[in-house]
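**Q** Next come the chains, spelled out residue by residue.
2 protein chains.
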Amino acid sequence: MEFRIIKKSKKSKARVGLIKTPNGTISTPYFFPVATQATVKTLDSSDLRAIGFDGVLCNTYHLFLRPGSSLIKKHNGLHSFMNFDGVIATDSGGFQVFSLGKGLEDGIGKIVKIFPGSKTNKTKKQQNSFVKISDKGVYFRSHLDGKLFFFTPEKSIKIQEELGSDIAFAFDECSSPLDNFSYTKKAMERTHKWAIRSLNAHKNKKQALFGIVQGGEYKNLRIESAKFIGSLPFDGFGIGGSLGKTKKKMFEILDWTIPLLPQNKPRHLLGIGYLEDIKRAVKKGIDTFDCVYPTRLGRHGFAITEKKIINLKRAKYLQVKQPIDKNCQCFVCRNYSMGYLSHLIRTQEITGMRLLCFHNLWLFKNFMEKIRKEILNGKI
Amino acid sequence: MEFRIIKKSKKSKARVGLIKTPNGTISTPYFFPVATQATVKTLDSSDLRAIGFDGVLCNTYHLFLRPGSSLIKKHNGLHSFMNFDGVIATDSGGFQVFSLGKGLEDGIGKIVKIFPGSKTNKTKKQQNSFVKISDKGVYFRSHLDGKLFFFTPEKSIKIQEELGSDIAFAFDECSSPLDNFSYTKKAMERTHKWAIRSLNAHKNKKQALFGIVQGGEYKNLRIESAKFIGSLPFDGFGIGGSLGKTKKKMFEILDWTIPLLPQNKPRHLLGIGYLEDIKRAVKKGIDTFDCVYPTRLGRHGFAITEKKIINLKRAKYLQVKQPIDKNCQCFVCRNYSMGYLSHLIRTQEITGMRLLCFHNLWLFKNFMEKIRKEILNGKI
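Residue numbers (the numbering used here), protein chains in the order written: chain A, 151 to 530; chain B, 151 to 530.
Any copy, or any two copies together, can satisfy a pair, since identical chains are not distinguished.
Think about it this way: if two alpha-carbon atoms lie no more than 25 Å apart in a straight line, the pair counts; the simulated DMTMM-like pairs of lysine to aspartate or glutamate are: (1) K433 <-> E152; (2) K161 <-> E402; (3) K471 <-> E311; (4) K463 <-> D295; (5) K529 <-> D427; (6) K163 <-> E402; (7) K355 <-> D235; (8) K476 <-> D235; (9) K466 <-> D295; (10) K471 <-> D235; (11) K466 <-> E311; (12) K335 <-> D405.
Derived by calculation from the structure, the hints in this document are not laboratory data.
Hey, can you work out the whole structure from these sequences and the hints?
**A** Structure (structure tokens):
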């Protein structure tokens with residue numbers, strides 16, 4: 151992987167660049183649509199190309215469970231499996247430790263049905279028993295069938311190699327916003343050990359490996375983590391874990407962290423996807439993003455524009471003959487009225503979900519292009 | 151509407167023709183994909199055009215309930231609402247009398263949740279009270295919220311005019327396969343009276359109106375109905391209602407009915423969609439078909455080929471690198487393996503449903519084209 155910085159802003163820490171991988175190039179700042187299970191929900195690879203996306207991020211944990219990374223390897227890797235000839239990044243699976251373990255315990259993070267179909271959910275204590283973290287690795291149970299698995303940095307790297315992504319992430323422990331200083335420190339120290347083990351396990355030189363900075367909302371931990379992870383020979387860096395309880399805190403964390411990371415390597419902000427946050431984070435020096443936000447909103451009947459979020463489930467939109475955004479050049483806005491889209495969403499038609507996901511991702515893609523232009527024109 | 155017969159087979163009653171409407175032309179024999187709620191499930195109008203469909207059939211009952219035909223009129227009719235510039239047919243709503251009323255009583259027909267969200271379903275007697283048929287019209291309750299409505303032939307025609315379809319159907323009573331001779335006769339006689347009322351109510355001369363032959367599985371009723379409906383100045387004819395309990399019976403019904411219908415007008419077989427039945431029905435003189443079968447199968451994970459139906463939920467297909475059909479030229483077969491499609495279906499990805507619906511409809515479209523060619527070449 152090669153990262154080339156084309157322009158650095160004089161007004162902020164923003165920069166425009168290129169990430170070149172064996173399977174394609176992305177122009178940064180870039181937003182990765184999330185193809186959790188080897189598809190961006192409701193869309194296929196040709197839709198992504200039609201929108202203009204040159205890269206997606208897939209989820210190691212989900213693909214490990216279904217269909218399994220060895221199966222994807224038999225299909226010659228993710229690019230061939232999902233027929234996407236662009237850049238594919240995979241996360242490390244570490245976030246699932248958070249969303250399936252601590253997240254459930256604290257009532258934070260992604261809500262996951264423990265046993266789909268079971269009437270009585272498990273109690274807090276039982277939920278907690280779904281994940282057991284030690285320095286060696288993590289025991290967890292599949293959210294699908296409760297089957298027990300053991301993940302280590304070495305295993306995460308092996309899975310990501312089998313998936314054949316262009317950009318892999320080192321295995322990390324993603325601590326909870328409710329963890330205290332002492333636990334967050336412990337998790338960070340473990341993440342640092344795992345970072346070294348991830349680097350040692352990583353043999354495929356065609357695949358880039360990104361390290362992940364942890365440390366929660368604690369300034370001295372974030373600084374320690376950024377210095378340590380930043381000193382390792384990663385190809386790029388993710389900023390992950392708890393980004394604090396407020397937006398203010400999140401941007402403080404970026405201020406503490408980014409200056410300590412190598413200037414010539416890309417920085418990825420994990421899981422952040424509001425438009426206003428993306429723009430501010432770019433100014434702080436973030437190069438790439440990923441988030442399920444535009445497709446999750448689309449599937450739930452929300453259309454995103456730069457000015458507002460439109461809830462198409464509301465009956466008043468049935469009357470509207472105009473598109474979501476008359477200035478939007480996307481296939482959906484050129485062809486369908488808000489009235490029609492509202493009807494499709496209100497009648498639970500899959501077509502409606504799909505059209506909104508398409509529009510929302512088109513908006514994100516163009517939003518990122520505008521940001522790049524603004525940096526190039528010296529406006530950011 | 152104009153119906154032009156291009157060629158009549160010498161080997162069978164099959165014929166090749168054109169149905170010209172103000173919004174487009176379809177080549178017959180033709181299969182209408184069903185756009186129940188103004189969309190073919192999982193697809194949009196541009197997909198239909200990409201496959202090559204020049205016409206769809208929408209459902210009057212569903213569109214009357216949501217979003218309402220007056221709202222669609224405000225959007226300048228269905229063509230504008232769903233942005234489809236081809237032929238649009240609408241059924242009469244009569245089938246819902248069957249599927250919501252007698253169908254539930256007899257345990258036949260489409261299964262409809264009476265009150266979605268309610269824990270206790272209504273008893274048989276209560277279900278039966280959902281529809282009350284008299285010569286004047288039909289009282290029924292919405293399957294969505296239980297609201298009471300009254301449909302008459304005049305109302306069905308008015309709704310279809312508001313929808314702005316190119317081909318409307320006369321309002322009929324669709325009797326059940328379990329109805330005895332005496333009830334089926336009564337329903338047929340009512341259908342005949344309603345046919346005249348539908349014709350009298352129908353003022354929009356840009357819209358074609360098709361009559362529907364009823365009479366269940368009873369030879370003398372079918373003959374009586376075909377003679378009567380066939381003598382009325384309809385633009386075409388549907389063959390509807392119970393087509394008997396066996397396939398043999400269905401084709402007997404076509405043999406009794408079709409010779410009594412005007413030779414120069416199109417004949418539509420309502421709701422039939424197995425490939426082998428379509429081909430046989432074409433030989434009996436049927437010109438057009440409609441059925442949810444290809445999209446329903448697609449949404450449930452089944453891929454259709456001319457030789458077999460493939461259940462992609464089965465794990466063994468995960469291994470397969472080949473497409474559904476290596477000879478199929480559809481976008482799905484050119485781009486994705488059965489392994490990938492199986493993974494998408496097994497993980498309940500909407501993308502998987504959509505890709506299978508696309509493939510299945512592509513197959514149907516090409517199957518109909520082959521039939522047309524075979525008639526033109528004197529092979530059928």
